[in-house]
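Go ahead and model the full structure; you've got the sequences and the hints to work with.
Protein sequence lines, in the order shown, are assigned to chains A and B. My numbering numbers the first residue of the first sequence as 11 and each following residue consecutively. My numbering numbers the first residue of the second sequence as 152 and each following residue consecutively.
Do not rely on the hints blindly, as some may be mistaken.
To be verified - Over the 10 Å line for every Cβ pair with chain A, so calculated as not near, a few chain B residues:
#, residue
1, 162
2, 163
3, 174
4, 194
5, 244
6, 245
7, 278
8, 281
9, 317
Said to hold, decoys possible - Computed cross-link-like contacts, DSSO-like style, restricted to lysine-lysine with a CA-CA straight-line distance of at most 27 Å:
#, chain 1, residue 1, chain 2, residue 2
10, A, 18, A, 228
11, B, 158, A, 150
12, B, 158, B, 235
13, A, 18, B, 313
14, A, 150, A, 137
15, A, 189, A, 119
16, A, 150, B, 235
17, A, 150, A, 18
18, A, 118, B, 235
19, B, 158, A, 138
20, A, 119, B, 235
21, A, 137, B, 235
22, A, 150, A, 118
23, B, 235, A, 138
24, A, 189, A, 130
Said to hold, decoys possible - Some chain A residues judged to face chain B by a derived CB distance under 7 Å, without partners named:
#, residue
25, 63
26, 88
27, 96
28, 98
29, 116
Calculated directly from the structure, the hints in this document are not laboratory data. Cβ coordinates follow ideal geometry from the N, Cα and C atoms, glycine included.
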Amino acid sequence: MASVVSIKNLTKTYGNGFQALKGVDLEIEEGEILALLGPNGAGKTTLISIVCGLVNPSSGTALVGGHDVVRDFRRTRAMIGLVPQELTTDMFETVWNTVSFSRGVHGKKPNPALIEQILKDLSLWSKKDNMLRELSGGMKRRVLIAKALAHEPQILFLDEPTAGVDVNLRREMWQVVEKLRANGVTIILTTHYIEEAEEIADRVGVINGGKLLLVEEKTALMHKLGRKQLRLELVEPLRAVPSSLALHNLTLSEDGTALIHEYQGDEGQGTIASLLSTLAAEDIHFRDLSTRQSSLEDIFVALVGEKAGEKA
Amino acid sequence: MNFEAIKSIYVFEMARMQRTLLQSVISPVITTSLYFIVFGTAIGSRIQTVEGVSYGSFITPGLIMLTLLTQCIANGSIGIYFPKFTGTIYEILSAPVAMTEILVGYVGAAASKGLIIGLIILATASFFVDISIAHPFMMVVFLVLTAVSFSLFGFIIGIWAKNFEQLNIVPMLVVPPLTFLGGSFYSIDMLPPFWQAVSHLNPVLYLVSGFRWSFYEIADVNPAISLAMVGLFLVICLSVVGWMFRTGYRLRN
Numbered sequence: 011m012a013s014v015v016s017i018k019n020l021t022k023t024y025g026n027g028f029q030a031l032k033g034v035d036l037e038i039e040e041g042e043i044l045a046l047l048g049p050n051g052a053g054k055t056t057l058i059s060i061v062c063g064l065v066n067p068s069s070g071t072a073l074v075g076g077h078d079v080v081r082d083f084r085r086t087r088a089m090i091g092l093v094p095q096e097l098t099t100d101m102f103e104t105v106w107n108t109v110s111f112s113r114g115v116h117g118k119k120p121n122p123a124l125i126e127q128i129l130k131d132l133s134l135w136s137k138k139d140n141m142l143r144e145l146s147g148g149m150k151r152r153v154l155i156a157k158a159l160a161h162e163p164q165i166l167f168l169d170e171p172t173a174g175v176d177v178n179l180r181r182e183m184w185q186v187v188e189k190l191r192a193n194g195v196t197i198i199l200t201t202h203y204i205e206e207a208e209e210i211a212d213r214v215g216v217i218n219g220g221k222l223l224l225v226e227e228k229t230a231l232m233h234k235l236g237r238k239q240l241r242l243e244l245v246e247p248l249r250a251v252p253s254s255l256a257l258h259n260l261t262l263s264e265d266g267t268a269l270i271h272e273y274q275g276d277e278g279q280g281t282i283a284s285l286l287s288t289l290a291a292e293d294i295h296f297r298d299l300s301t302r303q304s305s306l307e308d309i310f311v312a313l314v315g316e317k318a319g320e321k322a
Numbered sequence: 152m153n154f155e156a157i158k159s160i161y162v163f164e165m166a167r168m169q170r171t172l173l174q175s176v177i178s179p180v181i182t183t184s185l186y187f188i189v190f191g192t193a194i195g196s197r198i199q200t201v202e203g204v205s206y207g208s209f210i211t212p213g214l215i216m217l218t219l220l221t222q223c224i225a226n227g228s229i230g231i232y233f234p235k236f237t238g239t240i241y242e243i244l245s246a247p248v249a250m251t252e253i254l255v256g257y258v259g260a261a262a263s264k265g266l267i268i269g270l271i272i273l274a275t276a277s278f279f280v281d282i283s284i285a286h287p288f289m290m291v292v293f294l295v296l297t298a299v300s301f302s303l304f305g306f307i308i309g310i311w312a313k314n315f316e317q318l319n320i321v322p323m324l325v326v327p328p329l330t331f332l333g334g335s336f337y338s339i340d341m342l343p344p345f346w347q348a349v350s351h352l353n354p355v356l357y358l359v360s361g362f363r364w365s366f367y368e369i370a371d372v373n374p375a376i377s378l379a380m381v382g383l384f385l386v387i388c389l390s391v392v393g394w395m396f397r398t399g400y401r402l403r404n
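Below, the structure is given as structure tokens:
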């Protein structure tokens, strides 16, 4: 698939000397959902802001649809919709006016039927004549999404879309995202919530300290970096791991009632079978077994922690 | 040119005026009527005429200028400051609009509002005093040039201001003294020579004088100089805005 966003060696140093981006390369494919994970101050918002034209890059290039975001800003910005992190709304405007304004300011002719459809999809239709200050936080978030969709963008940036959003709205939002993806819209979201990335993203990028640590397909990432754990609850407690099992990377739980086997996601098949047959041969019986796969969160913490450790 | 965007910003800004009709139209009209009652009627009944024109008629151009300046600066600055303050500016900055188009939308709307209010005050004045306009074309030129330059000046203040206090400091503290001392209510011929010289340093003097000339053909300074001064002010404001846009001053950095 073709890259719809192509970022090369992008850096940004703010006026106060803070280096928010230290040379980021990133290719975003058309039609995918990419989640950018990273702690606060990692550079996620700066990266998005440069692509959307809110911040001028210090060096490097960002291309959207093959056009430079600085030189060819009319083309690139027309393709992009942005839902900002902060709930920023014109409090004295009505929902209808503010969403219509968004379409106009992107240079598109008015299209009331489309605006109506967007408002209905986001359950905002009944609020269309309300002033924004009368809306709840969740409703304002929907308005920001509606504004970002009003000019029919091909690429949608969602900067922390679900911060402070309740479960219902989150589910509705993901429905909207799914629908957009079905229509071929590329979606880039930043988030703190790893389960969110795990749930909807095709690929995951991890950013920290102004650098992109990795970009991987989500399943591949989980597979590659995900640690698995097999836990065997024993019938008879053991005092130590028997020497015959030493090769199997086993640890004994503190009270001696469980054996724990840790392994990487892709090395499980052969070793578990041989472990179980050795156990049977040693006459060690277990009454229960469970496996646990580390989540994206564990991977993320390990990755960010590792890099932080390197620096120190 | 992204005409849809200019139109959207312009319409959006003009809608704000409709929403705040009381504050943006009715209050300047009331204020000006009070000036007419206090200065025109109470004081004017003792002054009779200034340079052959009745006092009430004499102060009308100055009063229109006073309101025009204040309104254009206020509208021009709040129009861009408010989105900056609430954060909604992200949308305009991430839209496919050039800074010049943003400028035309905001300054155009601010100047239009100022002009509408100026004309309403002119109409109000005609209820109180006799108005004659000797050079209608030049009157419109002065009015439009002043409205555009001071809306632009307001726009600069709006980008520069970091809080509401800074936003208000120029319209509240700088413009009224300049207007009052700029010959709105008197001819500077009435002043002692020293203060006449000082008055010539006041840019508002040139505006009021030129504008009054277009009504009654009486002026404190040559109307050509007045026109040149307004033009100069416009050029200065355009250069400052140009610099702001090139550097992304307080908008994109």
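Check the structure against each numbered hint from earlier and tell me which ones fail, lowest number first. The structure breaks hints 1, 2, 5, 6, 13, 17; every other hint is satisfied.
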